Amino acid sequence: MSNIGLNIGLQGLLTSQASLDTIGHNITNANTPGYSRQSLEIGTATTVRVRNLLMGNGVQASVVRRTVDQLLNARLVVQQSGVSRLDARLSVLGEAEGLLGNTSESGLGKSMQSFFTALSNLSATPEDPVLRSGAVQSASQLTSQFNQLATNVHVLRDDTIERLQAHVDAVNELAEQISGLNKQISATESSGVTANDLRDRREYMLRELAKLVDAKAIEDSRGAVRVLVGGSMLVSPTTYNQMQLSTNSDGTLDVEIEGQSGAVTVTSGAIGGLMQVYEDTLPQISAQLDSIAHNWILELNRVHTTGLGGDGPFKALVAANPFEDIDGDGAVNDELLANSGLPFDVVDGELVVNVTNTATGALDKHVVAIDATRATVGDLVAELNTIGHLTANIDGQGRLHVFAEPGYGFDFSSRLDPNPDAIGSFGGGQASITSASDGPFALADGDTLQLTGPAGSFTVTFDAADFAQIGSATSEELAAAINADPNTQANGLVASAVGDRLVLQTAGSGATESFSIDGGTALASFGWNPATTVTGHDSAVSVTIGGSYSGSNNDAYQFVPNMDGVIGTTAGLKVLVYDQAGQQVAALDVGAGYNPGDELEILNGVTLKLGYGTLSATNNDTFRVDVTADSDTSDILPALGLNVLFTGEDALSIGVRADLEASPSLLASSISGAPGDGSNLLALMAFDESEISGLSNASFAASWADIVSSVGLDIDSSQSAYDAEEFLMQSLDSRRDQVSGVNVDEELVNMMTSEQAYNAAAQFIRVSADLSDELMRLL
189 MSNIGLNIGL QGLLTSQASL DTIGHNITNA NTPGYSRQSL EIGTATTVRV RNLLMGNGVQ
249 ASVVRRTVDQ LLNARLVVQQ SGVSRLDARL SVLGEAEGLL GNTSESGLGK SMQSFFTALS
309 NLSATPEDPV LRSGAVQSAS QLTSQFNQLA TNVHVLRDDT IERLQAHVDA VNELAEQISG
369 LNKQISATES SGVTANDLRD RREYMLRELA KLVDAKAIED SRGAVRVLVG GSMLVSPTTY
429 NQMQLSTNSD GTLDVEIEGQ SGAVTVTSGA IGGLMQVYED TLPQISAQLD SIAHNWILEL
489 NRVHTTGLGG DGPFKALVAA NPFEDIDGDG AVNDELLANS GLPFDVVDGE LVVNVTNTAT
549 GALDKHVVAI DATRATVGDL VAELNTIGHL TANIDGQGRL HVFAEPGYGF DFSSRLDPNP
609 DAIGSFGGGQ ASITSASDGP FALADGDTLQ LTGPAGSFTV TFDAADFAQI GSATSEELAA
669 AINADPNTQA NGLVASAVGD RLVLQTAGSG ATESFSIDGG TALASFGWNP ATTVTGHDSA
729 VSVTIGGSYS GSNNDAYQFV PNMDGVIGTT AGLKVLVYDQ AGQQVAALDV GAGYNPGDEL
789 EILNGVTLKL GYGTLSATNN DTFRVDVTAD SDTSDILPAL GLNVLFTGED ALSIGVRADL
849 EASPSLLASS ISGAPGDGSN LLALMAFDES EISGLSNASF AASWADIVSS VGLDIDSSQS
909 AYDAEEFLMQ SLDSRRDQVS GVNVDEELVN MMTSEQAYNA AAQFIRVSAD LSDELMRLL
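Residue numbers (the numbering used here): 189 to 967.
These are computed hints drawn from the structure, not numbers from a lab.
A few of these clues could be false.
[Stated by the list, open to error] DEER-style ranges, computed between Cβ atoms:
no., residue 1, residue 2, range
1, HIS577, VAL318, 51 to 59 Å
2, ASP442, GLU377, 32 to 40 Å
3, ASP583, ALA672, 32 to 40 Å
4, ASP583, ASP651, 26 to 34 Å
5, SER898, ALA744, 30 to 38 Å
6, SER887, GLY659, 27 to 35 Å
7, ARG414, MET940, 50 to 58 Å
Note that this is a predicted model, so its numbers are computed, not measured.
Just so it is clear, CB atoms sit at the ideal spot from N, CA and C, and this is done for glycine as well.
Could you build all of it, start to finish, from the sequences and the hints given here?
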């Protein structure tokens with residue numbers, strides 16, 4: 189046998205054996221994740237010269253090569269990141285949808301509706317203690333629902349952090365493995381051999397990494413890859429850097445890579461999806477929920493704070509919300525109201541404080557001007573302390589306390605004063621005269637008012653020192669100056685202010701009471717004539733205001749007669765009504781044909797009853813009724829938490845006021861305080877469908893539905909995107925299987941072919957050996 193023939197046969201056997209080994213390797217790894225089909229590349233061996241002939245030298249195997257499409261694999265890595273991002277996002281959104289529930293059958297929307305239903309039931313019989321308890325209990329259940337939802341969202345955010353940390357740990361494990369494979373591949377391929385299985389393993393690890401982050405792999409000339417995440421090096425050819433998750437002081441998260449400056453932006457993979465939900469979606473749900481709770485507290489407390497409970501006017505109130513020492517000087521009195529740490533904004537406006545004599549029912553209204561950006565906490569306390577029969581102070585915790593003297597109560601309602609002419613300036617029994625017009629009054633220092641009373645004639649001299657600006661003297665300042673003159677007191681005269689008008693009258697009443705205006709330089713300012721005698725009456729006109737003001741703006745109605753006359757007797761006698769702007773808004777016929785005591789409709793739900801008596805246009809008889817649409821235009825009451833229904837400022841802190849929850853009689857169901865008055869409950873019920881400015885003019889129910897539907901829409905859009913990306917992923921996987929996957933049937937066919945080649949090579953060796961033996965015998 190020739191050496192050439194033996195070599196050809198041997199090479200054939202070895203090549204066939206190598207082919208069978210490769211086929212066996214493919215078949216056994218047909219189900220190995222990430223495995224790429226391998227194939228043996230063969231070619232003819234180098235020819236040799238024998239007897240002047242170039243003879244073939246058989247076959248030789250050159251390399252075992254992976255069957256891969258690198259561009260396709262790169263697309264798979266990118267696609268895997270996108271699919272995993274959406275899958276992670278859907279997982280958290282599904283949990284969020286579950287904890288929110290639906291808009292009507294359960295959850296917060298149902299609790300809101302139950303609360304309004306409880307108020308509706310109570311409004312029919314406001315004194316019913318069972319229904320009162322039910323309404324308060326419903327409010328408590330609603331706040332518990334808010335609290336639970338807020339807690340659940342916070343827990344979901346915490347769970348998301350735990351998932352993110354687990355994914356970061358997985359990234360570090362994969363980075364370590366990829367780094368190790370880099371070293372093995374470089375070492376193996378330095379000898380000129382392709383590390384097929386190691387490369388498959390690394391490709392698989394890169395794809396697993398892509399499930400977590402948007403990783404980009406770049407291969408160098410030595411076969412090692414650099415892996416970049418957000419432009420930062422995670423894996424280098426020789427080592428890897430740890431990824432870390434850190435929490436900032438504001439609760440936001442940063443992904444960082446060891447040795448790299450600044451945070452890494454991860455936009456894809458499971459970490460990217462979870463970061464988006466953690467940073468955007470869940471905070472948005474929390475913010476929307478807090479916004480609903482915040483506006484719910486503010487809007488319903490705006491109504492509740494200006495109402496009255498079943499016990500009537502308050503003896504004492506304590507603010508639920510304390511002032512804070514913003515400037516750190518150890519005191520709160522110097523803090524501006526607009527920046528005093530209250531949970532709700534205080535704005536410029538007015539606060540109406542009603543003080544009631546509990547024995548007589550006499551009502552005294554006071555208006556406190558609130559200049560939020562200039563007035564301090566101390567200014568507010570001082571202003572409240574100027575109101576008769578009230579005391580206010582700040583306790584050690586920064587809370588405002590307001591107390592009424594024994595025999596008095598206070599409230600902040602918009603109720604009408606049923607007896608507005610307490611001094612009798614409108615047909616009262618006293619001898620009375622009123623300034624012809626509203627102040628301020630243009631006086632000069634030293635102006636005089638000459639009067640004659642029971643004790644004789646006297647002169648009141650006006651001193652500029654008694655006025656802020658004597659050229660613009662107010663009715664209150666003038667009344668105080670006149671009453672301070674001892675001659676006024678000695679003659680039994682009293683000056684009062686009715687709105688912006690000055691009233692001068694006798695302390696006693698009856699037809700025998702009188703005084704005269706003799707002259708003085710101040711007369712013209714008051715519209716009075718010299719030598720005018722003012723006489724009292726035996727029959728005083730009773731003035732009763734009723735109804736409930738339904739206007740939209742705070743106002744004041746001034747009442748004056750159009751002529752001198754007797755109520756119910758004098759033909760053409762009317763009472764003219766003017767608003768605060770001086771516009772006539774009503775003319776009430778009280779002359780012949782009017783039955784004293786009959787109720788007259790004035791305007792905006794306000795009514796008037798007049799008793800029998802004489803009215804004088806000559807003496808400018810008048811009285812004034814303050815009508816209030818909003819008794820707190822500054823929002824100082826809900827900001828302080830005085831007489832509130834709800835406490836807190838967001839979904840996590842909202843609750844029902846503790847003493848009210850313990851004593852449902854404190855629920856402010858009334859505006860007037862009259863038995864059976866449920867008007868404040870009706871005002872609270874109006875929020876069932878009201879458009880709330882703080883919620884972009886949406887109702888509470890609509891705002892809650894918007895949260896639920898937004899999460900649902902987010903899930904739908906994410907699911908649609910996921911389905912599309914997953915379909916493309918499956919398509920790319922299918923193409924990879926076609927290119928790199930192992931088809932066992934094809935491998936079996938290849939195995940049979942290699943087996944036949946092996947047998948043929950063996951047969952060739954036997955034939956060559958027989959021929960060689962025969963040749964040796966012939967020789």
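Against the structure, the hints come out as follows:
1. HIS577 / VAL318: 51 to 59 Å: Taking Cβ atoms as reference, HIS577 and VAL318 lie about 35 Å apart, which means the hint is violated.
2. ASP442 / GLU377: 32 to 40 Å: Once the Cβ atoms are compared, 38 Å apart, the range 32 to 40 Å for GLU377 and ASP442 holds.
3. ASP583 / ALA672: 32 to 40 Å: holds, 37 Å
4. ASP583 / ASP651: 26 to 34 Å: Cβ of ASP583 to Cβ of ASP651: about 41 Å, so the range 26 to 34 Å is violated.
5. SER898 / ALA744: 30 to 38 Å: For SER898 and ALA744 the Cβ distance comes to about 47 Å; the hint is violated.
6. SER887 / GLY659: 27 to 35 Å: About 52 Å separates the Cβ atoms of SER887 and GLY659, which means 27 to 35 Å is violated.
7. ARG414 / MET940: 50 to 58 Å: violated, 44 Å
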